[in-house]
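Enquirer: The chain contents come next:
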Amino acid sequence: MTPAAATDRRHYLNASYTAASWLFTVDHKRIGILYLLSVTFFFLLGGAAAVAFRLELLTPAGDLVTAETYNNLFTVHGVVMVFFFLIPAIPAVLGNFLVPLMIGAKDLAFPKLNLTSWWLFMIGGAITLGAVITGGVDTGWTFYTPYSSTYANTSVSTAIIGVFLTGFASILTGLNFIVTIHTMRAPGMTWFRLPLFIWAHYAASLIMVLGTPVVATVLVLVVLERSLGLGIFNPNLGGDPLLFQHLFWFYSHPAVYIMILPAMGVVTEIIAAFSGRRIFGYKFIAFSSLAIAGLGFLVWGHHMFVSGQSMYAGIIFSFLSFLVAIPSAVKVFNWTATLYKGQVRMLTPMVYAMGFMGLFTIGGLTGLFLAAMALDVHFHDTYFVVAHFHYIMVGGAVMAYLGGIHYWWPKITGKLYHEWWGRISAVVIFLGFNLTFFPQFLLGYLGMPRRYYAYPEEFQVLNVMSSAGASILGIGYLIPLVYLVWSLKYGPDAGPNPWGAKGLEWETYSPPPTLNFDTTPVVECEAYDYAAGEMAPELPGTQGHGSSTSEEAGSSEP
Amino acid sequence: MSHEAHVAHHFDDAEQQYDACSLGMWIFLTTEILFFGALFTAYAMYRSEYPQAFAHASSHLSVWWGGFNTAVLLGSSLTMVLAHHAARTGHQENLVRNLWLTVLQGGGFLAVKAIEYSDKFAHHLYPGAGFEYHGADPGQAEIFFSLYFAMTGFHALHMVIGIAIVATLAVLAARGKFTPRSHLPVEMTGLYWHFVDIVWVFLYPLLYLIR
Amino acid sequence: MSPEFALMPEQASSVSAEYDALLFTEIGISVFFGVGICLAIMFLAWRYRAGSEVDRSDPPEGDMRLELLWSGIPLVIALGLFVWSAKLFITMRTAPKNAMELHVIGKQWMWKIQHPGGKREINELHVPVGKDIKLVMSSEDVIHDFFIPAFRVKMDVLPGRYSMLWFKPIREGTYRFFCAEYCGTSHSKMIGRVVVQSPADYASWLSGGGNNEPPEVAGKALFESFRCGTCHREGLTGRGPVLDGLFGKQVRLAGGGMVVADENYLRESILDPGGKIVEGYQKLMPTYRGQIGEEGLMQLIAYLKSIAPDGKQPEEKR
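Protein chains in written order, with the working numbering: chain A, 2 to 559; chain B, 9 to 219; chain C, 2 to 319.
Please note: incorrect hints may appear among the correct ones.
To be verified - Calculated lysine to aspartate or glutamate pairs in the DMTMM-like style (CA-CA distance at most 20 Å, straight line):
#: 1; chain 1: A; residue 1: Lys284; chain 2: C; residue 2: Asp133
#: 2; chain 1: A; residue 1: Lys284; chain 2: C; residue 2: Glu125
#: 3; chain 1: C; residue 1: Lys277; chain 2: B; residue 2: Asp21
#: 4; chain 1: C; residue 1: Lys120; chain 2: C; residue 2: Asp245
#: 5; chain 1: A; residue 1: Lys113; chain 2: B; residue 2: Glu57
#: 6; chain 1: C; residue 1: Lys113; chain 2: C; residue 2: Glu141
#: 7; chain 1: C; residue 1: Lys88; chain 2: C; residue 2: Glu68
#: 8; chain 1: A; residue 1: Lys113; chain 2: B; residue 2: Asp20
#: 9; chain 1: A; residue 1: Lys284; chain 2: A; residue 2: Glu525
#: 10; chain 1: C; residue 1: Lys284; chain 2: B; residue 2: Glu57
#: 11; chain 1: C; residue 1: Lys190; chain 2: A; residue 2: Glu525
#: 12; chain 1: C; residue 1: Lys190; chain 2: A; residue 2: Glu459
#: 13; chain 1: C; residue 1: Lys98; chain 2: C; residue 2: Glu68
#: 14; chain 1: C; residue 1: Lys190; chain 2: C; residue 2: Asp133
#: 15; chain 1: C; residue 1: Lys250; chain 2: A; residue 2: Asp64
#: 16; chain 1: C; residue 1: Lys284; chain 2: C; residue 2: Glu214
#: 17; chain 1: A; residue 1: Lys490; chain 2: B; residue 2: Glu57
#: 18; chain 1: C; residue 1: Lys88; chain 2: C; residue 2: Glu173
#: 19; chain 1: C; residue 1: Lys108; chain 2: C; residue 2: Asp64
#: 20; chain 1: C; residue 1: Lys108; chain 2: A; residue 2: Glu69
#: 21; chain 1: C; residue 1: Lys108; chain 2: C; residue 2: Glu295
#: 22; chain 1: C; residue 1: Lys108; chain 2: C; residue 2: Asp133
#: 23; chain 1: C; residue 1: Lys132; chain 2: C; residue 2: Glu173
#: 24; chain 1: C; residue 1: Lys108; chain 2: A; residue 2: Asp64
#: 25; chain 1: A; residue 1: Lys284; chain 2: C; residue 2: Glu62
#: 26; chain 1: C; residue 1: Lys108; chain 2: C; residue 2: Glu122
To be clear, the hints were calculated from the coordinates, so they are not data collected in a lab.
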């Protein structure tokens, strides 16, 4: 396909240019783009809050902002990053774009519902931001009662209503995926021919559908308690302060798997493509996703080992938490084995995927420390926990998200980004991340509690290291923003399949037409059907240097 | 591939569309079960913690109004089933009549609910600063009434939404929008209506009957 | 408590050493697997880099034995760690009998502590070295959490109920304690220090100025001022159960069921007396919610304990 043909061809991006054609589109690919822009905005917002409180934590004394502001900052960071970035990031951006393409469908099963999701997400986001601006929120993203229900005098109710609406967006997205995967597969696309990205999204969707309503209810009860005087969580009436925590973590622990399962799906695709061979242990990876989703619903009590839940309940939750580690380990081993006898190309998405594997392994192993009740007693609510879940959610989910954005960027935009800058960004993020969060493991072991505005001075050295790392990490995140936007105008045309990857999404044009395929594809082979020893094509962006790439790109513009 | 008018563009055929819609509806109802599940969990926990206070507080509810409402809702489920049957067999007149009967019974349920609520308010049996309770353990009784209002309130909200949808269907049905081959909205709304009905079938014994 | 930089917290309680042993075992296992995986990935990525001249014939698509092996080995290791950590956790959670009992009340944003003799202190906790110490804790407002890193102990402090925490300091010195559960604006100011002294120093500190009456004495005065004894007595006029010797005993409830008369049951019976009535008695007692604060409750319960001299300490379950 020549560049000229690519620009003349009608595809989902040039189908129409009006604002309404974007804001009220029912095309899953356009909705994916809307989500991409929205979550990027929220990511920058949550990141800005993190920059502010990492600056505050440079010194032991609370001197840069007030304690109230600090508490608002970490709450905004948590609420925005969890509910408005991490949970929608991979499913709502990449999942939305790719699920129909990968299974050979024209769209998701319920396109209008998909658009409704995005609108709910945006309205919820606007309401939550309104709460932040008008009175702040200082409860932490966990909204623990009775602090949130009785004592906090910030805009807690407004913020919760925003989160509630976003929860509905998540439920509808999950519902849409499950129905789509069940009913919309192309002829010949059996369950065990599905790409593992689809299996991962299926498992994550189950959690979205089954977990989110519970947290929605419990958050509404907090609002009713604040506004109408209901007393379900009020200890002065005999209400149990632990009830909220049980119901909250029943969703919010599985919510971690909403973030990490799709991330694992992304990494699986990347590793198969850049090892140029069929994934090792397909069924084990597929079923381990379902095992993680299932077991994930049974381990919420490990957030409550020292909260006052009974010792015996704690022992059971600890046992189940150790079990969740096994399917995760199985995935890591299978990915590693996939490299064996492959054609490994260390292109940008692969560098991100490698970074994911390293950071996720650390995050997973330190999770075992927290599953061990005795160790958790000391680590609970310290920086050790903060470090652990950032290794999973940022080291894991965000690395995979960025890897996925790079891997499918040519498909989404039809353009190639600058390969060397891509690798540099992955390495900078990896290093900055470790410098930011590894010291926090030590801080936690030394006993520094989380959510501390001021801290004893013996903790300063590690906090300074962490803040220094955060500045590198921040720059690392800005680099892709620049060269990816740059590639939109100056990047060379990608062609339908620049990586030589297998999968239905690579068999249509880049960018795909509005209905995805010219004719409904018929699937006749397994997923990742790479021929043994086959060499993938060289990339247009990789032989040349930076300047020559942009020259080539410039010359290909009509 | 010939597309029938009522099949959306991205579906291959009517069968695929039907499968997708009914699966979607069942999944939605599953989320609804979990939505109410959190409330039922809270109820179960406090009921076992404070059995006597809950039994005593529950005696302030009217078993008869509650029972009446249960009968009304079961009746509305019957008319909803009849409406679906009429849609499938092409009896438009029956369809419209049964849909309106469903709306009517739903409205009757809400009216009785309003009478019950105003009675609770008149006796200061609503949670918050105005709560007055003459009996042992007023705090625990207040938790009971918090749960009562939360659970029946969420249920009533679902009723309001259901009535609005059924009324819309009735108007559309009168215009002849549904045929024996194309009446998916009637069937899906029926599923939702039965679900809301079933929730009440659990709420009634838990809140009114168990002493 | 050393102001200079350190890489690990001091080991100052009887569980610190075993805690660290378990921790370093897990670190060892993690480093082994973590480094092993990373080396394997790097080696394979290098050896099978695109275009390298190596044997790529018959790449395997899966291997059942391998899958069983690499799920089985981590499973066995995980179970071993689970058993060890559960045993240590049970030790950390089960207070020895006859431990010295201190009362801790958390409120926004300070810690109030009372010693058995009645001595009070705020944001400081003096304890004798080598003694088992049990903290009985409650909160006046939101959830707090009492955390002493050097002792490797932590427990949430909840409104509306009592939670327990115990430790045995093994080294004299001062150590920090923190509030570890976010509790509002000045959460980070809710910190203090534990002073571990020799028993003699502790005794002389106790006898120092600012002494209050012991909690059980204050509780007796409350008991009398509320006229609890007019109903809780033997004979025909006794409309409530006798409280002498009650603490720590099993109580049969009206309507079936048993309950141990521990701190939380007594607390509930004072605040919500209708909830769990002793078999053979009527629901007559009015609630004392709002008439008695957290400290008063602790004093009343201390008095009830003092009139149950051989009442066994209830086993800790929370």
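Enquirer: Which earlier hints turn out false for this structure, listed by number in ascending order?
Expert: 1, 2, 3, 4, 5, 7, 11, 13, 14, 15, 16, 17, 18, 19, 22 and 24
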